[in-house]
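Visitor: Each chain, letter by letter, is given below.
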Amino acid sequence: MIILDKVSFRYNEKSETSFKLKEVSFSCSKGSITGVIGGNGSGKSTVARLIAGMIEPQTGIVTVDGFAPFNHIGRCGFLAGIIFQTPDNQIVGTTVAEDLAFGLENLSVSYDEMQVRVRETAARFGLGDMLSTPVHYLSGGQKQLLCIASVMIMQPSWMIFDEPTSHLDPWARDNFWQTVKTFAREHDIGVMVVSQLAEDLHHFEQILAFNAGSLVFNGPIADLRASVEQLPWFRIPDAWKLEKILEARS
Amino acid sequence: MAEKIDGSFGCGRINLLVGRAGSGKSSLLLTIAGFHSEFSGQILYDGAVFQPAGNFSLTFQDPESLFFNTSVGDEVEYSLRMRELAENEITPRAQQWLQRWGLEPEKFYSRHPFELSGGEKRRVALAACTVAMPPVILLDEPLAGLDANGQKALAEMLNQLAREHIVIVVTHEPEVFLHPDSNILFLREGQGSWFSGDDFLRQAVCNRDFYPLPRWYCHALAPFATVSSLPQVNAEAVASFVAREKSHADKL
Numbered sequence: 023m024i025i026l027d028k029v030s031f032r033y034n035e036k037s038e039t040s041f042k043l044k045e046v047s048f049s050c051s052k053g054s055i056t057g058v059i060g061g062n063g064s065g066k067s068t069v070a071r072l073i074a075g076m077i078e079p080q081t082g083i084v085t086v087d088g089f090a091p092f093n094h095i096g097r098c099g100f101l102a103g104i105i106f107q108t109p110d111n112q113i114v115g116t117t118v119a120e121d122l123a124f125g126l127e128n129l130s131v132s133y134d135e136m137q138v139r140v141r142e143t144a145a146r147f148g149l150g151d152m153l154s155t156p157v158h159y160l161s162g163g164q165k166q167l168l169c170i171a172s173v174m175i176m177q178p179s180w181m182i183f184d185e186p187t188s189h190l191d192p193w194a195r196d197n198f199w200q201t202v203k204t205f206a207r208e209h210d211i212g213v214m215v216v217s218q219l220a221e222d223l224h225h226f227e228q229i230l231a232f233n234a235g236s237l238v239f240n241g242p243i244a245d246l247r248a249s250v251e252q253l254p255w256f257r258i259p260d261a262w263k264l265e266k267i268l269e270a271r272s
Numbered sequence: 029m030a031e032k033i034d035g036s037f038g039c040g041r042i043n044l045l046v047g048r049a050g051s052g053k054s055s056l057l058l059t060i061a062g063f064h065s066e067f068s069g070q071i072l073y074d075g076a077v078f079q080p081a082g083n084f085s086l087t088f089q090d091p092e093s094l095f096f097n098t099s100v101g102d103e104v105e106y107s108l109r110m111r112e113l114a115e116n117e118i119t120p121r122a123q124q125w126l127q128r129w130g131l132e133p134e135k136f137y138s139r140h141p142f143e144l145s146g147g148e149k150r151r152v153a154l155a156a157c158t159v160a161m162p163p164v165i166l167l168d169e170p171l172a173g174l175d176a177n178g179q180k181a182l183a184e185m186l187n188q189l190a191r192e193h194i195v196i197v198v199t200h201e202p203e204v205f206l207h208p209d210s211n212i213l214f215l216r217e218g219q220g221s222w223f224s225g226d227d228f229l230r231q232a233v234c235n236r237d238f239y240p241l242p243r244w245y246c247h248a249l250a251p252f253a254t255v256s257s258l259p260q261v262n263a264e265a266v267a268s269f270v271a272r273e274k275s276h277a278d279k280l
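For the record, the sequence lines run as chains R and L. Residue numbers for the first sequence, in the working numbering: 23 to 272. Residue numbers for the second sequence, in the working numbering: 29 to 280.
These are calculated hints, taken from the structure and not from any lab test. Mixed in with the good hints there might be a few duds.
[Claimed, not checked] Derived DSSO-like pairs: lysine-lysine, alpha-carbon spacing no greater than 30 Å straight-line:
#1 L:Lys135 <-> R:Lys266
#2 R:Lys263 <-> R:Lys203
#3 L:Lys180 <-> L:Lys274
#4 R:Lys263 <-> R:Lys28
#5 R:Lys266 <-> L:Lys274
#6 R:Lys28 <-> R:Lys52
#7 L:Lys180 <-> R:Lys52
#8 R:Lys28 <-> R:Lys44
#9 R:Lys263 <-> L:Lys180
#10 R:Lys203 <-> R:Lys266
#11 L:Lys135 <-> L:Lys180
#12 R:Lys263 <-> L:Lys274
#13 L:Lys279 <-> R:Lys44
#14 L:Lys279 <-> R:Lys263
[As the list claims (entries may be wrong)] To list a few chain R residues with every Cβ distance to chain L over 12 Å, as calculated:
#15 Tyr159
#16 Glu185
#17 Glu251
A virtual CB, placed ideally from N, CA and C, is assigned to each residue, including glycine.
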């Protein structure tokens, strides 16, 4: 379980994008896909970084499966892995295989086990024929798939995706969601996805909505849909708008 | 990577370049821009071989990662200075252009680009790329990573530019730009296929494997796939279309 209890955070740089997370509290359990939504600058990526242990809250407590991720960043078994929006910020290997193996090498996984996991994970993400490919030959979408695979190979307890589909083609997005749902339902991996895409909403069972550093909604997607009128910053997905217009006309 | 790409991009409407990851979309943009010379055939502009130098601008994916000036103003003015525009024209033109992209010069001109939000950075990047108003504007996924409001606003701006410039956009969200008049080059299996916006929408509605458009759109329009002029991909247009078609069917 992920728990944030009255967490506040502010970046040190003096700029208008140094927003505060204002006493944010919520909990998430495994078994369902949690969506973290909000506009640009709302705080959702900061929440993702706190859970991944990249930054430490100034006040309040963040725990993942009972442990404070910032203090356990090197923990074997990996509490929460994060996939960033920009793949080039995350790829460290010179080839696909090298990047997939990087995390496992640092955990002293045996060579034989590493090879098996690299091949299986690459195949799962459509990179099976590209193990020897230099990463700079990959397209933007392929790089993002590599980043996802490189975290999945670590078998973390939680996967945090920070706008993972923004550079994927639509077919890869469909594949991504199938894979994520499999991990959420069948492999006991908690999944949290930060997204701005209206198309992604219907994949989420639980929604955390942020606006200007505050958590403004926490609940199932059906409740979000019922209360959109009270969220003026929220851009209603076209699918919901269409249903509403057609209902009104009939 | 791709062969026998034979067709044209024009102004007056947006040109979209779509396809799976790795199909060659970005490579084609780079080829048009003159970065790649390993190709056969010709790229022509107004009947003559296209000379890229000074005649195009190109935004790469995540263009804000290429900021190298310490102020928004310097970033936007850079290409005007490189083109040796008259000194007294540079700042006014850059400020005016920044305003068109939705950023007030009074508020943003002297700010450091890194201080801006993601959406603001993208606007600055696109403004800086297009301020010189070259005849050919190439954009590689210009809307990726933006929220829905940002996507809509910037797509509208690019549609305006397309009226008088050849604007070619690589995108995985063609639905944001699609118009019945759109010109679409679809790269797949090493070949390029050309579609009008209407043909593209129709094929996508009938076959998700062709191109996965938003499911709500395909579901709503599946019964009308044989009708000409499918609506744009927004709720209001689809609702009006469905109501009109149902009314027409009732009368028959």
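Visitor: With a cut-off of 30 Å on the C-alpha distance, tell me whether R:Lys263 and R:Lys28 pass.
Guide: violated (34 Å)
Visitor: Going straight from one Cα to the other, do R:Lys203 and R:Lys266 come out at no more than 30 Å?
Guide: holds (28 Å)
Visitor: Is it true that the CA of R:Lys263 sits at most 30 Å from the CA of R:Lys203?
Guide: holds (26 Å)
Visitor: Beyond 12 Å from every Cβ of chain L: is that where the Cβ of R:Glu185 lies?
Guide: At roughly 6 Å from the nearest Cβ of chain L, R:Glu185 sits no farther out than 12 Å, so the non-interface label is violated.
Visitor: Checking one constraint from the list: CA of R:Lys266 to CA of L:Lys274, max 30 Å. Satisfied?
Guide: Measuring from Cα to Cα gives roughly 17 Å; hence the hint holds.
Visitor: R:Glu251 clear of chain L by more than 12 Å, beta carbon to beta carbon?
Guide: Holds: least Cβ distance 16 Å, greater than 12 Å.
Visitor: Is the straight-line distance between the alpha-carbon of L:Lys180 and that of R:Lys52 30 Å or less?
Guide: Distance ~34 Å between L:Lys180 and R:Lys52 Cα, so the pair is violated.
Visitor: R:Lys28 and R:Lys52 were given as a pair; does the straight-line alpha-carbon distance stay at or below 30 Å?
Guide: holds (21 Å)
Visitor: Is the Cβ of R:Tyr159 farther than 12 Å from every Cβ of chain L?
Guide: Violated, because the least Cβ-Cβ distance between R:Tyr159 and chain L comes to about 9 Å, which does not exceed 12 Å.
Visitor: Quickly compare the C-alpha distance for L:Lys135 and L:Lys180 to 30 Å and report which way the hint goes.
Guide: holds (22 Å)
Visitor: Given the hint that L:Lys135 pairs with R:Lys266, does the C-alpha gap stay at or below 30 Å?
Guide: At roughly 39 Å apart (the allowed maximum being 30 Å), R:Lys266 and L:Lys135 break the hint.
Visitor: Holds or violated: are the alpha carbons of L:Lys279 and R:Lys44 at most 30 Å from each other?
Guide: violated (58 Å)
The structure shown violates the earlier hints numbered 1, 4, 7, 13, 15 and 16.
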